[in-house]
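Visitor: Sequence:
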Amino acid sequence: MTVGRREAVAAGAGLVLALAAGPAAARTEGPGGSSSRRPRTLFLAGDSTAAPKYADAAPETGWGTALPFFLHRGVAVANHAVNGRSTKSFLDEGRLDAITAALCPGDVLLVQFGHNDAKTADPARFTDPWGSYQDNLRVFVEAARSRGARPVIATSVERRRFDAAGTAQRSLGDYPAAARAVAAASGVPLLDIEALSLALWQRLGPEGTKTYFNWTATEQDNTHFNPPGAIEVARLVARELLRTRVLAPRETRRLDAGIPPEWITWPPADPSPDPSAAAVADPPAAPSPAPSAAPSAS
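The sequence shown begins at 1 in the working numbering and counts up one residue at a time.
Careful: at least some of the hints might be erroneous.
Taking CB as the label site, the calculated pair distances span [stated by the list, open to error]:
1. E207 - L242: 26 to 32 Å
2. A185 - A102: 32 to 38 Å
3. T265 - D128: 34 to 40 Å
4. T167 - Y54: 31 to 37 Å
5. L242 - W263: 30 to 36 Å
6. R38 - G173: 38 to 44 Å
7. A195 - A165: 33 to 39 Å
8. R38 - D221: 35 to 41 Å
9. R245 - A181: 18 to 24 Å
Derived from the structure by calculation, the hints contain no laboratory data. A quick note: this is a predicted structure, and the numbers were derived from the prediction, not measured. Glycine included, C-beta positions come from ideal geometry on N, C-alpha and C.
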(Lines of atoms letter the chains of each structure in order from A and count residues from 1; the text may use other names and numbers.)
(Lines give C-alpha, C1' and ligand atoms only; values in the text may rest on other atoms or scores of the structure.)
Protein backbone atom coordinates (compact mmCIF):
# COMPACT_ATOMS: atom_id res chain seq x y z
CA MET A 1 0.00 0.00 0.00
CA THR A 2 1.36 3.42 -0.92
CA VAL A 3 1.97 5.72 2.03
CA GLY A 4 0.68 9.18 1.12
CA ARG A 5 1.52 12.36 2.94
CA ARG A 6 -1.67 12.51 5.00
CA GLU A 7 -1.55 8.78 5.71
CA ALA A 8 2.04 8.95 6.91
CA VAL A 9 1.24 11.76 9.31
CA ALA A 10 -1.83 9.97 10.63
CA ALA A 11 -0.02 6.66 11.01
CA GLY A 12 2.73 8.18 13.11
CA ALA A 13 0.55 10.37 15.30
CA GLY A 14 -0.20 7.76 17.94
CA LEU A 15 2.95 5.69 17.78
CA VAL A 16 5.84 5.73 20.21
CA LEU A 17 9.23 6.98 19.01
CA ALA A 18 11.93 4.32 18.85
CA LEU A 19 14.41 4.31 21.74
CA ALA A 20 17.13 6.91 21.42
CA ALA A 21 20.04 4.57 20.81
CA GLY A 22 17.98 1.81 19.18
CA PRO A 23 18.92 -1.85 19.03
CA ALA A 24 22.11 -2.89 17.31
CA ALA A 25 20.11 -5.02 14.88
CA ALA A 26 16.54 -5.11 13.64
CA ARG A 27 14.37 -8.14 14.30
CA THR A 28 12.27 -9.59 11.49
CA GLU A 29 9.74 -12.39 11.51
CA GLY A 30 10.62 -15.64 9.80
CA PRO A 31 8.58 -18.76 8.97
CA GLY A 32 6.37 -19.94 11.80
CA GLY A 33 6.79 -16.66 13.68
CA SER A 34 10.47 -17.24 14.40
CA SER A 35 12.68 -14.16 14.47
CA SER A 36 15.96 -13.41 12.76
CA ARG A 37 18.31 -10.47 12.91
CA ARG A 38 19.73 -8.26 10.19
CA PRO A 39 22.15 -5.38 10.64
CA ARG A 40 20.64 -2.17 11.88
CA THR A 41 20.22 -0.09 8.73
CA LEU A 42 20.64 3.62 8.17
CA PHE A 43 18.44 4.67 5.24
CA LEU A 44 19.49 7.86 3.49
CA ALA A 45 16.98 10.03 1.58
CA GLY A 46 18.51 13.01 -0.18
CA ASP A 47 19.82 14.64 -3.32
CA SER A 48 22.93 14.51 -5.52
CA THR A 49 25.29 15.74 -2.80
CA ALA A 50 24.74 12.42 -1.00
CA ALA A 51 23.71 10.09 -3.84
CA PRO A 52 25.60 7.11 -5.32
CA LYS A 53 27.25 7.82 -8.68
CA TYR A 54 28.00 5.68 -11.70
CA ALA A 55 31.42 5.28 -13.29
CA ASP A 56 30.62 7.78 -16.04
CA ALA A 57 30.26 10.49 -13.37
CA ALA A 58 33.63 9.83 -11.69
CA PRO A 59 35.31 11.49 -9.86
CA GLU A 60 32.03 13.01 -8.62
CA THR A 61 31.14 11.31 -5.33
CA GLY A 62 28.17 11.61 -2.98
CA TRP A 63 29.02 11.71 0.71
CA GLY A 64 26.63 8.82 1.33
CA THR A 65 29.07 6.57 -0.54
CA ALA A 66 31.76 7.31 2.07
CA LEU A 67 29.54 7.05 5.15
CA PRO A 68 30.04 3.27 5.63
CA PHE A 69 33.78 3.88 6.15
CA PHE A 70 32.88 5.44 9.51
CA LEU A 71 30.32 2.86 10.66
CA HIS A 72 30.91 -0.58 12.14
CA ARG A 73 29.67 -3.75 10.46
CA GLY A 74 26.58 -3.80 12.68
CA VAL A 75 25.21 -0.75 10.85
CA ALA A 76 24.41 -1.02 7.13
CA VAL A 77 23.78 1.97 4.86
CA ALA A 78 20.96 1.93 2.30
CA ASN A 79 21.59 5.00 0.18
CA HIS A 80 18.35 6.04 -1.54
CA ALA A 81 19.52 9.59 -2.32
CA VAL A 82 19.02 10.50 -5.99
CA ASN A 83 20.44 13.24 -8.19
CA GLY A 84 18.23 16.27 -8.67
CA ARG A 85 15.54 15.48 -6.13
CA SER A 86 13.82 17.80 -3.70
CA THR A 87 11.53 16.78 -0.87
CA LYS A 88 8.62 17.26 -3.27
CA SER A 89 9.91 15.27 -6.24
CA PHE A 90 11.26 12.50 -3.99
CA LEU A 91 7.81 12.06 -2.42
CA ASP A 92 5.90 12.52 -5.68
CA GLU A 93 7.94 9.75 -7.31
CA GLY A 94 7.04 7.35 -4.49
CA ARG A 95 10.61 6.94 -3.34
CA LEU A 96 9.70 7.20 0.33
CA ASP A 97 7.30 4.28 -0.14
CA ALA A 98 10.16 1.93 -0.96
CA ILE A 99 12.09 3.08 2.11
CA THR A 100 9.06 2.81 4.39
CA ALA A 101 8.38 -0.75 3.23
CA ALA A 102 11.94 -1.77 4.15
CA LEU A 103 12.23 0.04 7.49
CA CYS A 104 12.37 -2.08 10.64
CA PRO A 105 12.21 -1.07 14.30
CA GLY A 106 15.55 0.34 15.37
CA ASP A 107 16.54 1.51 11.88
CA VAL A 108 17.41 5.14 11.14
CA LEU A 109 16.00 7.35 8.36
CA LEU A 110 18.38 10.25 7.67
CA VAL A 111 16.86 13.01 5.52
CA GLN A 112 18.86 15.74 3.76
CA PHE A 113 17.20 18.00 1.19
CA GLY A 114 17.26 21.69 0.33
CA HIS A 115 19.39 22.35 -2.75
CA ASN A 116 16.68 21.46 -5.25
CA ASP A 117 13.76 22.61 -3.10
CA ALA A 118 15.06 26.13 -3.82
CA LYS A 119 14.59 25.87 -7.62
CA THR A 120 11.81 28.45 -7.93
CA ALA A 121 11.51 28.04 -11.70
CA ASP A 122 10.76 24.31 -11.46
CA PRO A 123 7.28 23.54 -10.08
CA ALA A 124 8.09 19.83 -9.94
CA ARG A 125 10.76 20.49 -7.32
CA PHE A 126 10.26 23.89 -5.70
CA THR A 127 8.96 24.10 -2.13
CA ASP A 128 8.35 27.07 0.15
CA PRO A 129 10.93 26.76 2.95
CA TRP A 130 8.42 27.79 5.65
CA GLY A 131 5.51 25.90 4.08
CA SER A 132 5.61 22.82 1.86
CA TYR A 133 9.28 22.10 2.61
CA GLN A 134 8.54 21.78 6.31
CA ASP A 135 5.35 19.83 5.59
CA ASN A 136 7.35 17.37 3.48
CA LEU A 137 10.03 16.92 6.13
CA ARG A 138 7.29 16.02 8.60
CA VAL A 139 6.07 13.34 6.18
CA PHE A 140 9.51 11.69 6.32
CA VAL A 141 9.53 11.96 10.11
CA GLU A 142 6.13 10.34 10.56
CA ALA A 143 6.82 7.64 7.98
CA ALA A 144 9.88 6.56 9.96
CA ARG A 145 8.02 6.64 13.26
CA SER A 146 5.15 4.62 11.80
CA ARG A 147 7.63 1.76 11.32
CA GLY A 148 9.37 2.09 14.69
CA ALA A 149 12.45 3.63 13.04
CA ARG A 150 14.22 6.78 14.16
CA PRO A 151 14.02 9.86 11.91
CA VAL A 152 16.99 12.23 11.70
CA ILE A 153 17.08 15.55 9.84
CA ALA A 154 20.30 16.97 8.37
CA THR A 155 20.64 20.48 7.02
CA SER A 156 22.08 20.53 3.50
CA VAL A 157 25.82 20.58 2.98
CA GLU A 158 27.03 23.98 1.78
CA ARG A 159 28.38 24.83 -1.65
CA ARG A 160 31.86 26.20 -2.29
CA ARG A 161 31.23 29.92 -2.43
CA PHE A 162 33.54 32.72 -1.21
CA ASP A 163 33.43 36.50 -1.35
CA ALA A 164 36.33 38.65 -2.54
CA ALA A 165 37.79 38.66 0.97
CA GLY A 166 37.88 34.86 1.11
CA THR A 167 34.93 34.44 3.47
CA ALA A 168 32.81 31.34 2.93
CA GLN A 169 29.25 32.31 2.00
CA ARG A 170 25.89 30.73 2.74
CA SER A 171 23.92 29.79 -0.37
CA LEU A 172 20.92 27.81 0.87
CA GLY A 173 18.55 30.57 1.89
CA ASP A 174 16.00 29.76 4.59
CA TYR A 175 16.03 25.99 4.08
CA PRO A 176 18.56 25.16 6.81
CA ALA A 177 16.68 27.31 9.34
CA ALA A 178 13.39 25.71 8.31
CA ALA A 179 14.88 22.23 8.75
CA ARG A 180 16.21 23.16 12.19
CA ALA A 181 12.74 24.36 13.18
CA VAL A 182 11.07 21.11 12.09
CA ALA A 183 13.62 19.04 13.98
CA ALA A 184 13.14 21.08 17.15
CA ALA A 185 9.34 21.02 16.98
CA SER A 186 9.21 17.31 16.17
CA GLY A 187 11.77 16.18 18.73
CA VAL A 188 14.02 14.82 15.99
CA PRO A 189 17.84 14.76 16.15
CA LEU A 190 19.37 17.46 13.96
CA LEU A 191 22.70 17.14 12.14
CA ASP A 192 23.64 20.72 11.28
CA ILE A 193 25.81 19.86 8.29
CA GLU A 194 25.23 23.26 6.69
CA ALA A 195 26.92 25.05 9.59
CA LEU A 196 29.67 22.44 9.99
CA SER A 197 30.54 22.31 6.29
CA LEU A 198 30.57 26.11 6.04
CA ALA A 199 33.05 26.23 8.92
CA LEU A 200 35.17 23.55 7.24
CA TRP A 201 35.23 25.42 3.92
CA GLN A 202 36.25 28.58 5.79
CA ARG A 203 39.19 26.79 7.40
CA LEU A 204 40.28 25.34 4.05
CA GLY A 205 39.88 28.62 2.16
CA PRO A 206 39.16 29.28 -1.52
CA GLU A 207 42.12 27.27 -2.82
CA GLY A 208 42.04 24.43 -0.32
CA THR A 209 38.38 23.69 -0.99
CA LYS A 210 39.12 23.03 -4.66
CA THR A 211 40.69 19.73 -3.60
CA TYR A 212 37.39 18.64 -2.00
CA PHE A 213 34.97 19.59 -4.78
CA ASN A 214 34.55 18.10 -8.23
CA TRP A 215 37.08 20.30 -9.99
CA THR A 216 38.56 18.62 -13.04
CA ALA A 217 40.28 19.69 -16.26
CA THR A 218 36.86 20.11 -17.89
CA GLU A 219 34.60 21.09 -14.99
CA GLN A 220 34.57 23.48 -12.05
CA ASP A 221 31.77 22.14 -9.87
CA ASN A 222 31.23 24.00 -6.60
CA THR A 223 28.32 21.84 -5.41
CA HIS A 224 29.39 18.21 -5.75
CA PHE A 225 32.36 16.44 -4.24
CA ASN A 226 35.31 14.35 -5.31
CA PRO A 227 36.38 11.39 -3.12
CA PRO A 228 38.31 13.45 -0.52
CA GLY A 229 35.41 15.87 -0.17
CA ALA A 230 32.82 13.12 0.12
CA ILE A 231 34.92 11.44 2.81
CA GLU A 232 35.23 14.61 4.89
CA VAL A 233 31.51 15.43 4.67
CA ALA A 234 30.67 11.83 5.62
CA ARG A 235 33.01 12.26 8.60
CA LEU A 236 30.98 15.31 9.66
CA VAL A 237 27.78 13.27 9.40
CA ALA A 238 29.18 10.33 11.36
CA ARG A 239 30.46 12.59 14.13
CA GLU A 240 27.04 14.23 14.38
CA LEU A 241 25.30 10.85 14.50
CA LEU A 242 27.52 10.03 17.47
CA ARG A 243 27.14 13.44 19.15
CA THR A 244 23.33 13.29 18.95
CA ARG A 245 23.39 9.67 20.25
CA VAL A 246 21.63 8.36 17.19
CA LEU A 247 24.55 5.94 17.01
CA ALA A 248 26.49 4.55 19.93
CA PRO A 249 30.30 4.73 20.11
CA ARG A 250 30.50 1.01 19.30
CA GLU A 251 28.67 1.71 16.02
CA THR A 252 31.20 4.22 14.69
CA ARG A 253 34.89 3.98 13.78
CA ARG A 254 37.77 5.88 12.16
CA LEU A 255 36.30 9.27 13.07
CA ASP A 256 39.79 10.75 13.39
CA ALA A 257 41.61 8.50 10.92
CA GLY A 258 42.62 9.17 7.35
CA ILE A 259 40.53 7.38 4.72
CA PRO A 260 42.31 6.59 1.43
CA PRO A 261 40.39 8.15 -1.50
CA GLU A 262 40.98 4.94 -3.46
CA TRP A 263 38.45 3.20 -1.22
CA ILE A 264 35.79 5.04 -3.24
CA THR A 265 34.50 2.99 -6.16
CA TRP A 266 31.80 3.63 -8.78
CA PRO A 267 29.46 0.96 -10.21
CA PRO A 268 29.28 0.57 -14.00
CA ALA A 269 27.27 3.17 -15.89
CA ASP A 270 24.19 0.98 -16.08
CA PRO A 271 20.88 2.34 -14.74
CA SER A 272 19.74 -1.15 -13.69
CA PRO A 273 20.02 -2.17 -10.95
CA ASP A 274 19.86 1.20 -9.22
CA PRO A 275 22.85 1.42 -6.82
CA SER A 276 20.73 3.41 -4.38
CA ALA A 277 18.78 0.23 -3.59
CA ALA A 278 21.82 -1.53 -2.15
CA ALA A 279 22.70 -1.61 1.52
CA VAL A 280 26.43 -1.36 2.22
CA ALA A 281 27.49 -2.95 5.47
CA ASP A 282 31.24 -2.39 5.22
CA PRO A 283 33.86 -0.80 2.92
CA PRO A 284 36.35 -2.90 0.95
CA ALA A 285 38.81 -4.86 3.08
CA ALA A 286 41.78 -2.70 3.92
CA PRO A 287 44.11 -2.15 6.85
CA SER A 288 43.18 0.54 9.34
CA PRO A 289 44.75 3.72 7.97
CA ALA A 290 47.08 5.92 9.93
CA PRO A 291 45.89 9.37 10.99
CA SER A 292 45.87 11.82 8.10
CA ALA A 293 47.43 15.25 7.98
CA ALA A 294 44.53 16.42 5.80
CA PRO A 295 42.22 19.00 7.39
CA SER A 296 39.25 17.49 9.20
CA ALA A 297 36.13 18.73 10.94
CA SER A 298 37.71 18.84 14.38
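Visitor: Take the C-beta atom of R38 and the C-beta atom of D221, compute their distance, and say whether it sits inside 35 to 41 Å.
Guide: holds, 36 Å
Visitor: Between T265 and D128, does the C-beta distance stay in 34 to 40 Å?
Guide: Holds, since T265 and D128 (Cβ atoms, about 39 Å apart) stay within the stated range.
Visitor: Between E207 and L242, does the beta-carbon spacing fit 26 to 32 Å?
Guide: Cβ of E207 to Cβ of L242: about 31 Å, so the range 26 to 32 Å holds.
Visitor: CB of A195 to CB of A165, is that within 33 to 39 Å?
Guide: Roughly 20 Å apart at Cβ, these two residues miss the hinted range, so it is violated.
Visitor: Tell me if the beta carbons of A185 and A102 are separated by a distance inside 32 to 38 Å.
Guide: Because 27 Å falls outside the window, the suggested range is violated.
Visitor: Could you tell me whether the CB distance from L242 to W263 stays inside 30 to 36 Å?
Guide: violated, 20 Å
Visitor: Within 18 to 24 Å: is that where the Cβ-Cβ distance between R245 and A181 falls?
Guide: holds, 21 Å
Visitor: Using the Cβ atoms, figure out if R38 sits within 38 to 44 Å of G173.
Guide: holds, 39 Å
Visitor: Is 31 to 37 Å respected by the C-beta to C-beta distance linking T167 and Y54?
Guide: holds, 35 Å
Hint violations for this structure: numbers 2, 5 and 7, all remaining hints satisfied.
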